[in-house]
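K.L.:
Okay, here's what each chain looks like letter by letter:
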Amino acid sequence: MFDTLKSKLAEVFDGLARRGALSESDVGAALREVRLALLDADVALPAVKAFTEKVREQAVGVASMRAVRPDQQVIKIVHDALIEMLGGDAESLNISTNPPSVILLAGLQGSGKTTTAGKLALRLRTRDRKKVMLASLDITRPAAREQLRMLGGQAGVGVLNEVDGESPAQIAKRALQAAKLQAYDVLILDTAGRLSINEVLMAELRDIKKLTKPHEILLVADSMTGQDAVNTAEAFHKAVGLTGIALTRLDGDARGGAALSMRHVTGCPIKLAGIGEKQDALEDFDPARLAGRILDMGDVVALVEKAAEAIEVEEAERLAKRMAKGQFDMNDFLTQIRQLQKMGGFGGLMGMLPGIGKMQKQIAAAGIDDRMIKRQEAIILSMTKKERISVGLLNSSRRKRIAAGSGTSVQEVNKLVKQYQDMARMMKKLGGKTGAAAMKAMLGGAGIGAVGMGNASGVPDLSVLSRGLGKGLGGGVAQGLGSGLANGLPGLGGKPAGKKK
Amino acid sequence: MNWFKKLKDGLSKSTKKVSESLANLPSLSALIGKSKLDATSLEEVEDALIAADLGTASSIRLAAALKAHKFTGPVDTKSIALALAEGLETILEPVAKPLKIKAENRPHVVLLVGVNGSGKTTTAGKLAQNWHAQGKKVLLAAGDTFRAAAVEQLQIWGKRTGTSVIADTNGGDAAALAYRALAQAIEENADVLIIDTAGRLQNRSELMDELAKIIRVIRKLDKSAPHDSVIVLDGTVGQNALSQVKAFSAVADVSGLIVTKLDGSAKGGVVVALAEEFGLPVHAVGVGEEADDLQPFAADEFAKALAGVGVD
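Protein chains in written order, with the working numbering: chain Z, 1 to 501; chain F, 1 to 312.
Since the hints were made in silico from the structure, they are not lab data. Computed from a predicted model, the values in this text were never measured in an experiment. Heads up, some of the hints might be wrong.
Partial selection, computed: residues in chain F whose CB lies under 8 Å from chain Z [claimed, not checked]:
| no. | residue |
| --- | --- |
| 1 | Asp47 |
| 2 | Ile50 |
| 3 | Thr56 |
| 4 | Glu152 |
| 5 | Asn203 |
| 6 | Lys261 |
Keeping only pairs whose Cα atoms sit at most 27 Å apart, straight-line, the calculated DSS-like set for lysine-lysine is [unchecked claim]:
| no. | chain 1 | residue 1 | chain 2 | residue 2 |
| --- | --- | --- | --- | --- |
| 7 | Z | Lys173 | Z | Lys271 |
| 8 | Z | Lys278 | F | Lys213 |
| 9 | Z | Lys49 | F | Lys67 |
| 10 | Z | Lys209 | Z | Lys131 |
Quick look at which bits of chain Z chain F covers, simulated, 3 or more residues with Cβ under 8 Å [to be verified]:
| no. | region |
| --- | --- |
| 11 | 40 to 49 |
| 12 | 136 to 146 |
| 13 | 187 to 197 |
| 14 | 214 to 228 |
| 15 | 249 to 262 |
For every residue, glycine included, the Cβ atom is placed at its ideal position computed from N, Cα and C.
Can you make the complete structure from the sequences, with help from the hints?
P.N.:
Here is the structure:
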């Protein structure tokens, strides 16, 4: 989807000269696409409307930057606004200093309350060193109490014993007493799933709240929820006054727009994220990651982090200087290939890039993988030091020797040399410019931007990415991969290396 | 209360929303008395459909069809709703097919699949109850060997409905259990075997492989099994339902769907998008926690409720 949004935005702004600022009509056209994208991610209509208004205010009149195209700019604004609306910094659970803290879990049937109760108990016991008691107030669903007892046992926490014939309110009262008497730090109350329109059950929830005065009342909600997320969250919030939301099943492939909907109508922070079936699969909620997910951008954050880790700054700067001077030999080419490998190789990078999933087959068919990079490395390593510095030495007998030495063919050696020459030519063209300008030109055109695959426009924070990737990888590998991709993959190599924006 | 009334109640509780939102649209009320829809009001009809989880593509298509619709009388919210219901029914009618036991299958094997918390175990219990009440010999297989107390949950349903439940008390292999259950069902000459499975997210390939194994294994006893491979969908689910149906179909050859939890505020409009995309039969809808709250899917009623035509 993000690819769709990205290309749609590019379309909207296509032909738009770099004007001084984004006009209202530019932004309006872009926001229609943003709206559809969010709706497809299950963000509820009221939240979509509030969100697009906010973005409109922020985007209109923003001075366009030279290095960034308007569509990229809008995407960055959208991404940032999403993070902000999802809650900016993550908020953690409020555990009282005066025990026992009571945490009440409520939600629809099948949203994952009981599982979350078990996970939360384990987390509080192991991570926060709390003495935790679980109590099930679910007398409706068959074997719900049994389930919580088993989960409590697995988590190594206390579980309130069951007494037949008690009402949920009576159980809650008894649980609170037991937790006080036995000096528990935290009491987690799991409740029966209920529909927000069921007045009787919502009243019951209010009674439980009155009796136990919880420090946290969390709505446990499925991240796969559709438009109804607003109704549900609003109803629960009205009835009991939520303090936060626990989002479950984030390990699925749902885009999770429900989070934005619920956050919008309740104003409550999303505090927890369920990310798997194992009992330790409960994390703090990360707004930035979910924003990326709603936009289907892949884990660009992780990509940038990884890039920053892998690229040694000094080396990168040395390379940048050499490129700026138009000096670029096989040794530099090799450095770049190795940096790409450090970043998890081509496969690792691809996994983190947005919208790549469906292209993986094509990529495999085109034979572009880490093995190709390894072979390129082998070819360069089979050259003598002199050959690496001046490629002109490579006559046919030397090429035969290199092919034999690297276990490849002369054709492959030729191909690499050709790629290198294309690159060197480009470097020369850029040579006249200052270092920074050259770098920018490369990013805009040949663009490592998502490894020269025409994905640069999709990366939300271009400044970060250009700092992280630009320095280290420059155009070198981009060219290598770019030409490979452009040949094999029409869809991918949309922006051939070297084409300036 | 007969089932029809119950379905109406369930649906009218849940799906009045579109008509409410239609009635509340300012541009629509201004339109009343005119004979054509303008662009703004079409967009608002589109919004109302999106709010019912039909998804953008289906909503845009339906709203566009409305534009072409010739209103015989003056346009008002009621005539718009009626025209919408008509369009929806056309889409839903072909997929409304109840789940039927075929007597030539001894037993008729029904496999229930779906993501976590969609209501598989509850649906298994309800199906067992309904067939049991029809005098069929029903066997339940507690194939959810993963979730804590899932087996106990199904056993309670078994007791309620007088159905025997085949289960391993201590975890174990779901495929082996399914095999054993089918063997027993054949031996006892049962009419139906309902196999409940563990909830699994469709992008977890290792869990989907387990599901494939269950099917592979029961086919060793009966090549035509499972005779119905039903995906159970949560009525509150959004557009991810499409991904669920696609992924489960690839592994379990899904033959139909059951949509649960339609007695709440969710409208289950994704069924329309699913019907357009996959055309798989919709067997039943769950409209409550009792055994007889599992009702056959009625296209006209659902379409009317979704479009907000008063269910009376």
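K.L.:
Compare the structure with each hint and give your call.
P.N.:
Status of each hint after checking the structure:
A hinted interface residue such as F/Asp47 counts as satisfied when its beta carbon comes closer than 8 Å to some beta carbon of chain Z; here the least separation is about 6 Å, so the hint holds. With a least beta-carbon distance of about 6 Å to chain Z, the hint placing F/Ile50 at the interface is held under the 8 Å criterion. The beta carbon of F/Thr56 is positioned within 8 Å of a beta carbon in chain Z (closest approach about 5 Å), and the interface hint is therefore held. With a least beta-carbon distance of about 4 Å to chain Z, the hint placing F/Glu152 at the interface is held under the 8 Å criterion.
Interface hint at F/Asn203: satisfied, since its Cβ lies 4 Å from the closest Cβ of chain Z, which is below the 8 Å cut-off. With 8 Å as the threshold, the beta carbon of F/Lys261 comes within range of chain Z, its nearest partner Cβ sitting at about 6 Å, so the hint holds. At most 27 Å may separate the alpha-carbon atoms for a hinted pair to count; Z/Lys173 and Z/Lys271 meet this at roughly 26 Å. With a C-alpha separation of about 22 Å, the suggested pair Z/Lys278 and F/Lys213 falls inside the 27 Å cut-off, and the hint holds.
Simply put, Z/Lys49 and F/Lys67 have alpha-carbon atoms about 24 Å apart, close enough for the 27 Å limit, and the pair holds. Proposed proximity of Z/Lys209 and Z/Lys131 is supported: the alpha carbons are some 22 Å apart, at most 27 Å. Three residues within the 8 Å Cβ limit are the bar, and the region 40 to 49 of chain Z against chain F gives 5, so the coverage statement holds. With 6 residues having a Cβ less than 8 Å from any Cβ of chain F, the region 136 to 146 of chain Z passes the three-residue criterion, so the hint holds.
For the region 187 to 197 of chain Z, the assignment as covered by chain F holds, since 3 residues bring a beta-carbon within under 8 Å of that chain's beta-carbons and 3 suffice. Given as covered by chain F, the region 214 to 228 of chain Z passes the check, having 6 residues with a CB less than 8 Å from a CB of that chain where 3 are the minimum. Counting residues of the region 249 to 262 of chain Z whose beta-carbon sits less than 8 Å from any beta-carbon of chain F gives 8, enough to reach three: the coverage restraint holds.
Going down the numbered hints, you'll see the structure goes against none, and every one checks out.
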